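Just so you know, the sequences run in chain order A and B.
Start counting the first sequence at 1; every next residue gets the next number (this note's numbering).
Start counting the second sequence at 283; every next residue gets the next number (this note's numbering).
Source of the hints: derived by calculation from the structure; they are not laboratory data.
Since this is a predicted model, take the numbers as computed values, not measurements.
One thing to keep in mind: the hints can contain errors.
What the hints assert, rightly or not - Just the calculated beta-carbon pair ranges, DEER-fashion:
no.: 1; chain 1: A; residue 1: N279; chain 2: B; residue 2: E322; range: 48 to 58 Å
no.: 2; chain 1: A; residue 1: A88; chain 2: B; residue 2: S388; range: 29 to 39 Å
no.: 3; chain 1: B; residue 1: N394; chain 2: A; residue 2: G26; range: 39 to 49 Å
no.: 4; chain 1: A; residue 1: I117; chain 2: B; residue 2: D330; range: 51 to 61 Å
no.: 5; chain 1: A; residue 1: D28; chain 2: B; residue 2: S388; range: 15 to 25 Å
no.: 6; chain 1: A; residue 1: E139; chain 2: B; residue 2: N394; range: 35 to 45 Å
no.: 7; chain 1: A; residue 1: D254; chain 2: B; residue 2: T342; range: 39 to 49 Å
no.: 8; chain 1: B; residue 1: G414; chain 2: A; residue 2: P90; range: 41 to 51 Å
no.: 9; chain 1: B; residue 1: G414; chain 2: A; residue 2: E229; range: 42 to 52 Å
Note that beta-carbon positions come from the ideal geometry of N, C-alpha and C, so glycine has one too.
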Amino acid sequence: MAKISAGIGTSHTPAIGAAVDLGKTGTDYWKPLFDGYKPAQEWMAKKAPDVAIIVYNDHNNAFDFTMIPTFAIGCAEQFIIADEGWGARPVPVVNGHPEMASHLVQSLVLDEFDITIVNEMQVDHGLTVPMSLLFGQPEAWPVRVIPIAVNVVQYPPPTGNRCYHLGQAIKSAVESWDEDLDVVIFGTGGMSHQIQGPRAGLINQEFDKNFLDGLTQYPEKLAQIPHLEYMREAGAEAVELVMWLVMRGALGDDVKEIYRFMHVPASSTGVGHIILEANDTA
Amino acid sequence: MTVKKTEAYEDLPGTWVFDAQRARKGYHLNNFFMSLMKAENRQAFLADEPAYLEQFPMTTAQRDAVIQRDWNTMLELGGVVYCLAKLAFTDQHSYQYMAAEMTGMSEQEYVNMMLAGGRSPDGWRSRAEQSGEDN
């Protein structure tokens with residue numbers, strides 16, 4: 001049987017991807033951030049999972065305004081890297097796991113999560129920046145990926161509670177897959193940031209730290225945070241953190257924190273990163 | 283009740299939340315931004331902005347905001363910030379440049395604020411807190 005053995009929370013700031021692509025990871029501005037991800041890359045290299053489920057949001061690249069799915073699962077063989085307006089990131093194409101993705105869709109719909117099925121989709125920085133941070137710059141990505149796109153652009157996004165429950169349903173869907181596969185799940189976006197309007201640049205490191213603490217200690221309380229509280233306390237775009245709750249829900253009740261890193265700023269973002277291992281992993 | 287929840291977003295100072303009503307108003311404006319994902323469209327737009335914008339049935343106020351690069355008005359009239367960024371990139375500007383413009387700071391002032399830990403939420407949680415009316 002397949003198992004979700006670990007969860008990764010990480011920001012997905014596009015400027016981080018640009019720093020990787022332009023060879024700027026050693027500059028004064030960027031070095032502290034990339035140093036902070038080194039232990040995570042080492043952990044990931046040792047872990048070498050078979051599949052990564054990456055929960056992220058599209059930033060009006062794959063999805064325009066003709067349709068806006070709340071939860072969408074990429075079931076394609078491959079996902080091409082999107083040109084977001086400055087040329088596509090020079091990273092490898094992302095290989096999917098269409099069989100397992102389709103199984104997830106079936107299981108989730110029967111569990112009453114009305115998932116949108118996507119058979120052709122480009123992926124943007126929301127998905128590729130976390131991959132660069134955890135897998136570095138390989139010629140081909142060493143993992144197959146199931147993208148789960150969550151609408152956090154048009155309000156309202158799904159509630160934190162709904163995301164947490166979706167994670168729980170993903171856990172049981174993965175565990176009903178026969179093949180012995182080691183699966184990790186990413187929750188991406190955040191942490192505190194606002195990138196629009198006169199209030200742009202808002203950061204709340206205390207909120208971010210409490211959120212990281214809550215992932216192990218009181219995730220069900222985090223799941224009750226209303227959208228407005230994310231926006232008031234941590235910036236309009238901090239609401240992306242609901243996607244971390246999908247990741248957390250998929251790990252079961254008992255988790256162990258393996259690694260944590262925080263850094264301000266990456267462009268306009270308070271960066272946060274955490275690795276959690278599921279304790280019920282056999 | 284749903285309407286009430288939506289209205290609560292309006293209490294955030296310096297923020298235009300892209301909710302369903304704003305999305306409806308901004309539909310054609312955002313379609314214009316999305317068109318800038320193609321290099322040939324970027325060129326056509328820069329060659330004759332008013333003529334290019336004629337393709338999109340947006341309001342005069344939206345059109346004027348685009349031509350004047352009035353970023354905050356574009357947000358207020360239904361633009362999504364990720365879509366606005368495609369216009370900034372078309373102008374060969376960075377996201378950070380656009381964010382600084384929205385705050386009324388120079389790009390360097392904005393970068394310095396971020397390096398110093400960013401904007402504190404204190405004073406920015408609500409319109410009342412911003413105007414010093416509560417507590």
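Results for each hint:
For the pair N279(A) and E322(B), the supplied restraint of 48 to 58 Å holds, since their beta-carbon distance comes to about 54 Å. About 31 Å separates the C-beta atoms of A88(A) and S388(B), a value consistent with the hinted range of 29 to 39 Å. In this structure the supplied range 39 to 49 Å is violated for N394(B) paired with G26(A), their Cβ-Cβ distance being about 22 Å. The hinted range of 51 to 61 Å is not satisfied by I117(A) and D330(B), whose Cβ atoms lie roughly 41 Å apart.
Checked against the hint of 15 to 25 Å, the pair D28(A) and S388(B) passes, with Cβ atoms roughly 21 Å apart. Checked against the hint of 35 to 45 Å, the pair E139(A) and N394(B) passes, with Cβ atoms roughly 39 Å apart. In this structure the supplied range 39 to 49 Å is violated for D254(A) paired with T342(B), their Cβ-Cβ distance being about 59 Å. The given range of 41 to 51 Å is respected by G414(B) and P90(A), whose C-beta atoms sit roughly 49 Å from each other.
For the pair G414(B) and E229(A), the supplied restraint of 42 to 52 Å is violated, since their beta-carbon distance comes to about 22 Å.
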